[in-house]
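I would like the entire structure built from these sequences, with the hints used as guidance.
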Amino acid sequence: MEVAAGGIFGLLGPNGAGKSTTIRLIMGILEPDEGKVVLFGTAQGSRALSQRIGYLPEERGLYKKMKVLDHLIFLGETKGIGRADARRRAQAWLERLGLGAWALKKVEDLSKGMQQKVQFAGALLHEPELVILDEPFSGLDPVNAQVMKDIVVEIAASGRTVLFSTHVMEQAERMCDRIAIIARGETVVSGTLAQVKADFGGRHVALGFTHDKSRAEQIFADRSVVARIDDYGAAAELQMAEGADPEQLLAALVREGVGLRRFEVVEPSLHAIFIARVGADADAAAAHAGEAA
Numbered sequence: 000m001e002v003a004a005g006g007i008f009g010l011l012g013p014n015g016a017g018k019s020t021t022i023r024l025i026m027g028i029l030e031p032d033e034g035k036v037v038l039f040g041t042a043q044g045s046r047a048l049s050q051r052i053g054y055l056p057e058e059r060g061l062y063k064k065m066k067v068l069d070h071l072i073f074l075g076e077t078k079g080i081g082r083a084d085a086r087r088r089a090q091a092w093l094e095r096l097g098l099g100a101w102a103l104k105k106v107e108d109l110s111k112g113m114q115q116k117v118q119f120a121g122a123l124l125h126e127p128e129l130v131i132l133d134e135p136f137s138g139l140d141p142v143n144a145q146v147m148k149d150i151v152v153e154i155a156a157s158g159r160t161v162l163f164s165t166h167v168m169e170q171a172e173r174m175c176d177r178i179a180i181i182a183r184g185e186t187v188v189s190g191t192l193a194q195v196k197a198d199f200g201g202r203h204v205a206l207g208f209t210h211d212k213s214r215a216e217q218i219f220a221d222r223s224v225v226a227r228i229d230d231y232g233a234a235a236e237l238q239m240a241e242g243a244d245p246e247q248l249l250a251a252l253v254r255e256g257v258g259l260r261r262f263e264v265v266e267p268s269l270h271a272i273f274i275a276r277v278g279a280d281a282d283a284a285a286a287h288a289g290e291a292a
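So for the sequence shown, numbering that gives the first Met the number 0 puts the first residue at 0; every next one is plus one.
No lab work stands behind these hints, which were simulated from the structure alone.
Honestly, I wouldn't trust all of these hints.
Using C-beta positions, here's what the derived DEER-type ranges look like [said to hold, decoys possible]: (1) GLU126 <-> ALA250: 19 to 25 Å; (2) VAL152 <-> ASP198: 23 to 29 Å; (3) LYS63 <-> VAL152: 29 to 35 Å; (4) GLY184 <-> ARG95: 35 to 41 Å; (5) GLU126 <-> GLU169: 24 to 30 Å; (6) GLY201 <-> LYS35: 26 to 32 Å; (7) ASP69 <-> GLU33: 39 to 45 Å; (8) GLN145 <-> GLY184: 31 to 37 Å; (9) GLU76 <-> GLY200: 32 to 38 Å; (10) ARG276 <-> ALA220: 19 to 25 Å; (11) THR41 <-> ALA234: 46 to 52 Å; (12) GLY184 <-> GLU76: 35 to 41 Å; (13) GLU169 <-> THR209: 35 to 41 Å.
Yeah, the Cβ is synthetic: ideal placement off N, Cα and C, and Gly gets one too.
Here you go:
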């Protein structure tokens with residue numbers, strides 16, 4: 000896996016795929032059994048480069064009895080920032096994240112979402128060149144998640160690099176320039192988001208239904224028309240079969256009296272690509288296991 004400087008790189012995969020393990024290898028928390036990790040052109044290890052890296056782990060890593068402001072000052076000092084400067088930066092970040100009134104409270108008095116924002120501030124306090132975020136929006140409500148997303152985009156726009164791990168495809172699709180999808184510790188998709196979608200191929204249709212779509216089930220089951228369907232209930236995304244015409248599909252749905260509120264030929268969503276590629280990988284693994292047995 001190669002992460003270019005600048006922009007947002009999405010490390011994607013299902014639970015247990017190896018995302019957090021990969022990040023722990025990059026951070027030097029784990030040592031690789033084989034291969035190597037190169038950061039900023041050197042293999043000397045992340046610990047020697049820690050002042051250039053900001054890391055937000057998936058797990059909470061805060062001292063619960065410390066006051067919030069003191070904790071951020073402490074984290075700043077571990078990255079080589081002087082106490083007065085660390086205090087100034089910490090106060091600015093707390094205000095920006097809506098935590099100014101909580102500066103003198105103990106960490107244990109904060110909600111999980113608020114603790115996540117404190118940890119996020121601690122990862123950014125020293126203005127790192129490389130920001131590594133492992134499931135950064137976990138446990139956040141939509142408003143606070145948006146605040147953090149805006150900051151991540153701002154960091155990337157400034158020319159710095161963000162490595163962003165998630166299993167939520169909608170987040171990655173809105174934010175990432177480049178992605179790698181891994182499954183069982185192997186890369187199954189890699190490249191720019193545009194290239195990944197182009198390589199996936201096929202013609203895709205997004206559908207929205209006004210009421211029960213049961214009349215469409217026979218049409219969707221016809222593999223000469225629909226190659227794959229991702230059904231959300233009131234909406235669906237499908238991949239047309241080779242040679243099938245979306246206009247003929249629309250005509251068939253209207254003829255059957257299927258109530259539509261949306262019918263649009265679209266590029267494939269990252270979610271659809273993820274399901275297709277990770278699902279195919281899982282099927283191949285199961286088949287291999289069966290042969291071995």
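Numbered hints the structure breaks, given as an ascending list: 1, 6, 9 and 13
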